[in-house]
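J.: Kindly produce the complete structure, drawing on both the sequences and the hints.
These are the residues of each chain, in order.
6 protein chains.
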Amino acid sequence: MGKAKKSVKTAGKAAPAKPGKNPPKTKPALHAIKGGKSAPAKSPPTAQSKPLQSKLAMMKALTPKPVPAVADDVPVIALNLEPGKLSPAMTAYFKKCQDKLGFVPNVLLAYAFDNTKLETFVAFYNDLMLGDSGLSKLEREMIAVAVSSQNRCYYCLTAHGAAVRQYSGNPLLGEQIVMNYRAARVNRRQRAMLDFAVKLTASPGSVEEGDRERLRRAGFTDRDIWDISAVAGFFNMSNRVASATDMRPNAVYHGQAR
Amino acid sequence: MGKAKKSVKTAGKAAPAKPGKNPPKTKPALHAIKGGKSAPAKSPPTAQSKPLQSKLAMMKALTPKPVPAVADDVPVIALNLEPGKLSPAMTAYFKKCQDKLGFVPNVLLAYAFDNTKLETFVAFYNDLMLGDSGLSKLEREMIAVAVSSQNRCYYCLTAHGAAVRQYSGNPLLGEQIVMNYRAARVNRRQRAMLDFAVKLTASPGSVEEGDRERLRRAGFTDRDIWDISAVAGFFNMSNRVASATDMRPNAVYHGQAR
Amino acid sequence: MGKAKKSVKTAGKAAPAKPGKNPPKTKPALHAIKGGKSAPAKSPPTAQSKPLQSKLAMMKALTPKPVPAVADDVPVIALNLEPGKLSPAMTAYFKKCQDKLGFVPNVLLAYAFDNTKLETFVAFYNDLMLGDSGLSKLEREMIAVAVSSQNRCYYCLTAHGAAVRQYSGNPLLGEQIVMNYRAARVNRRQRAMLDFAVKLTASPGSVEEGDRERLRRAGFTDRDIWDISAVAGFFNMSNRVASATDMRPNAVYHGQAR
Amino acid sequence: MGKAKKSVKTAGKAAPAKPGKNPPKTKPALHAIKGGKSAPAKSPPTAQSKPLQSKLAMMKALTPKPVPAVADDVPVIALNLEPGKLSPAMTAYFKKCQDKLGFVPNVLLAYAFDNTKLETFVAFYNDLMLGDSGLSKLEREMIAVAVSSQNRCYYCLTAHGAAVRQYSGNPLLGEQIVMNYRAARVNRRQRAMLDFAVKLTASPGSVEEGDRERLRRAGFTDRDIWDISAVAGFFNMSNRVASATDMRPNAVYHGQAR
Amino acid sequence: MGKAKKSVKTAGKAAPAKPGKNPPKTKPALHAIKGGKSAPAKSPPTAQSKPLQSKLAMMKALTPKPVPAVADDVPVIALNLEPGKLSPAMTAYFKKCQDKLGFVPNVLLAYAFDNTKLETFVAFYNDLMLGDSGLSKLEREMIAVAVSSQNRCYYCLTAHGAAVRQYSGNPLLGEQIVMNYRAARVNRRQRAMLDFAVKLTASPGSVEEGDRERLRRAGFTDRDIWDISAVAGFFNMSNRVASATDMRPNAVYHGQAR
Amino acid sequence: MGKAKKSVKTAGKAAPAKPGKNPPKTKPALHAIKGGKSAPAKSPPTAQSKPLQSKLAMMKALTPKPVPAVADDVPVIALNLEPGKLSPAMTAYFKKCQDKLGFVPNVLLAYAFDNTKLETFVAFYNDLMLGDSGLSKLEREMIAVAVSSQNRCYYCLTAHGAAVRQYSGNPLLGEQIVMNYRAARVNRRQRAMLDFAVKLTASPGSVEEGDRERLRRAGFTDRDIWDISAVAGFFNMSNRVASATDMRPNAVYHGQAR
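Chain order of the listed sequences is P, V, B, X, G and Y.
By the numbering used here, the letter at position 114 of the first sequence is numbered 114, and the numbering carries on one by one without gaps.
One gets the numbering used here by counting positions in the second sequence from 1 and adding 258 to each.
One gets the numbering used here by counting positions in the third sequence from 1 and adding 516 to each.
One gets the numbering used here by counting positions in the fourth sequence from 1 and adding 774 to each.
One gets the numbering used here by counting positions in the fifth sequence from 1 and adding 1032 to each.
One gets the numbering used here by counting positions in the sixth sequence from 1 and adding 1290 to each.
Warning: the hint list may mix true and false statements.
Claimed, not checked - List time: in silico SDA-like cross-link candidates among lysine to any residue, alpha-carbon distance up to 20 Å:
hint, chain 1, residue 1, chain 2, residue 2
1, G, LYS1149, Y, ASP1389
2, B, LYS612, B, LEU646
3, X, LYS859, B, LYS612
4, V, LYS375, P, THR221
In short, the hints are calculated from the structure, not lab data.
T.: Printed below as a string of structure tokens:
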């Protein structure tokens, strides 16, 4: 494995696990970086974009402190993929992540072997988690974590558990949904939402009109039901891509918003 | 429910289930319509695009034969969503579907309540299922069906079961993967691929290095492993969106490539 | 493996998969051939019956068209069993199948290694599926398919999925129950029936009075409940014999009543 | 509920639970009564056979001792079915049970509402469990119990647990297979047999060639594999008929061969 | 394995399986021997206690009849653990078991490799199963058996199945809960209790306030709910220690209270 | 609910969730407080011990900082149990907890309604988790967390997740085992240990000699295997008592050793 490659794989973990506890409290990683959303539409991949490795090496250089001894010293994913060339839009998006969050979420580095896949993922993700919806961003993150707990996805529980802690300002809430969403003291509406998302995760083929009716009785519109389903569906995808590739979260998430 | 709305919901089923058995044999629905892929990049949503209902009404008008008595006379999804305004790119894409396939796949009509969601879905899907890959299009469809069988997703089994029949020219293969992929007489490589995809579907949290090693021993590269994971992951998402919304497949699929 | 044996194993698949689409539309395979039912009582096995291989060779000879390239080119079962001597009653029954259906269902060929087992199977089956009952023949086939879907039995889903399509005249209904019976638009009575049969399949030890009460409230008599249970039970047996022996359905079923 | 009916339902329990501990030690109930096997072939149902109620009343009269206080005072099944007319063959078979076993197994009383169903059940059962096979009768009963334990079937565990105790002369063996067949100290051949039967019960759709190969390596012929599958299949049927109808075993089984 | 060790492992089975049917009918093994409860408090382990092997050899000497041929000729557990030195309190407790029950329950012999573990186990157990509670001793044993059935624990089903038979004076009740507690004709209160215990066993993370409410409606106090939970919890522990070590029950249990 | 009672239920949460991040780094809660172990033996419950409520009120008074807004403002358990009288030994033990840890673990407060139950629990627990063993204390805590994750127990994951973080000095390790122990980079020995514990948790009835052999091959002695089984068993008990009673962890755990 060449030097450039290694920098790709470890850049995401460069942020310190412990001292880095106080980064962007009000800006949950990834999702709050909306720039990436419309970028793909405006800036299609171009051959002249600089290779990923130099971008990532640059990011690494920017990282203020080394990963402490307890950090998770492994590549971002367990697959040996050559870094692809990033489009200007994606390059800018990574830069924005670095500036605002202090790091580029590893899931983005994982997709960076292919600029088109990265762009479609970012566009899909940002619309889903940051776009207009009857669900708050916190609620969408709660679904992400409850689904990821059902699927026991280390990457997503770590990254989105941190997001729930940040958005809610309640560290316990994040922990509870990671461990067992039934232990969380959420309101009736949110409980119905999580029940639906977890049932849809555990036995999708058994979801029926009665389940949708329960959501409507809890106050959700049909559009909200779409969004609950779409977010739950998305993390059933992401959980599997992460598990299949042994994707490792940026160590910085662990200490965020505790 | 107004007239326009109704036309949205039933347009997709306008193609006959039985007599329509011989439509585009060589063009599996949706996936072969690559136009939609780059379209979003070029044509962002605009407010001036004509409302979906008129587009869909037009499509309905174009449909040659009425749905026979046995057709599945229900809306595309069980949610009451107002049709959104399609961007020119999406309008063109729907037109292309209608011209080449003879119908617009219902999953697209389902997403059409929101042009951004439709565009990101189409872009993501087309790259995944029609883009470059070490997996053939047939293999990607085989994964789609095996995953959908595990999740018992009526929509995806119908639409992608048809695609397997079409791409393979082997109706039995499509049926077998719908029913139990272990009954299909596939080669060792494809069997390893389906075993991985189904394990990833059934218990994502238990996938480990040994599972990836089995794929490598069966001849897959690390990039192939990404693609297997990404396709399996995608259908774990789509299965759940379809099940959550009771998405109904276009009746025409049932008779295709038998 | 001798020549005679081979003819045993492939005879059942001699009917064409595709062109044979229009065989006995109104006579679902096997079940409609009632002759076999009382035959065993009247004609006990006799040593003078001609060996199975010649019967089957004869059947093969009668088969009008060769299996197309897509056919499932494997033996009827994965066990190497010497064909047994058929009783005159069973010989006549096979002839009747051939005449009326155009083929002998592979399950009968599978049992034909032992005439007593064949006779008791046929007698049991015909009483259950064709005898008097408060359940229509279609309803019994619906149960067969829903149970076989739960157990993912390729043989039974193929053969009885065709029967549902034939009896109902609704190809979609057959597909839906194969894929996920909850997607089928059946009436309340039939839904209660299928719910009971699937619960009985998935967790027999948890069926209790409340489950029977639900059937009664849906309009079923106690005798009907016996029949639902007996049919569901029977396919839990057949699914396992078929899966344990890798029983392969006659290719002709795939194209029937589409 | 009339008097005749009641006698139908309770006759089977007339044998005492405790003092009746010493009935036919060498003749496991039902299975050892081979007369019923060929009877149906010789004696088709006739309208002139005396009504079931008088037969059963007679049996009751023959029962030596009343059921003790701890007996299971419930009807044979939870369905209210009118007793049917027994054919002379079945009448004789019941008499033979009464003479040899001291009671008529409740499963026969349960099927007695319809003589044809009773006859086909008896013929099927007797061939399977008492006919020629490479498996000993004890081995077939061991499969019956291991399958019934997986399915938690009270009726079959009781009746066939007693049969294992009787055939083996080892009360512990019967208990162990009822509780967890892995706790039984059986030989390698029998363990392979039970592993196959239980896997076939728990997840029939995942049985494949490797599983059959394991049986062959343990010394079983292909015909033996059929028999293992057929017995395991049969109890997957019987367990479900028994659970669906809340069939109650004759109290006498509990004390047999302890 | 030395001689002394062997005597440790087989002593527990010295009581005869069959002839020993009539031991302490009114004193269910272990639980009724309360002496052990306060013993630990009074008599801490001392180095001068005689080695376990001589104690157990003594017990063996006291055993009246040899194990019959059908006995389960295996060590108490599948782990090779040196017997520890018993404290005077535990020595006295074992003597008491021997005197009152005619044998020392194998679970105690299993723990006897370490006197502290034995004492804490005995103290915990005796308080739980014999101490004050709104649940009768029979009810606590019913929970033990229902939980052990869910977990398929051979040791606990055998030992506590015997206790249910003894406490209830109803052999059928013990068998039914071993096989499937839903088959037992218990009252509404007891059914609610067993439903809760089994749900808590099968999916502890899904137990919620609604489940506790059902117990309250069935007449249980909050203290009773603690006790139901504690007993169910305890057997989830014991089942696992027994299964992990292949703990074998004293053969005498099998014949008790039939 | 009286005042005294309320103080019982909320005392455990008096430690601050956030600022309290830096308490006893080297003393994992509860387990490191060995005093409780021998206490019960020396000091049996006495009537003259002061009522629990005053003890707990005292503890509350000692708590330095109020629970922040994000704390989990609920009673220790969802059962309404009158506090019992603590023995001097238990009173001293609680005092010791307060002095060394800064709080009394809520599980102890939960058991405090009955001094005998509290003492037997403490004695059992302390021997198991703090006594001599071939397993390190960290390894025992790792088992506790892996088992609790399988059972989705909020209380135990919180309290023992903190213990893993503290003992290991590796916050990531604690998180990983909470989320999916397969994501933790542990050595081969520890992985075998966790695999065994989780299998024993998920399907105890399927553990057999092969599983023990795997532990031996990983370097564990038979005594170690007992300890692994005992710890895994114990948390299968504790998880269920906690889930059944909705036991809530002290808020202070959440921030420990991050």
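J.: Confirm or reject each hint.
T.: How the hints compare with the structure:
1. G:LYS1149 x Y:ASP1389: The given pair, whose Cα atoms are some 28 Å apart, is violated under the 20 Å limit.
2. B:LYS612 x B:LEU646: holds (16 Å)
3. X:LYS859 x B:LYS612: It is violated: about 31 Å lies between the C-alpha atoms, which goes past 20 Å.
4. V:LYS375 x P:THR221: holds (18 Å)
In terms of the numbered hints stated before, the structure departs from hints 1, 3, listed from lowest to highest.
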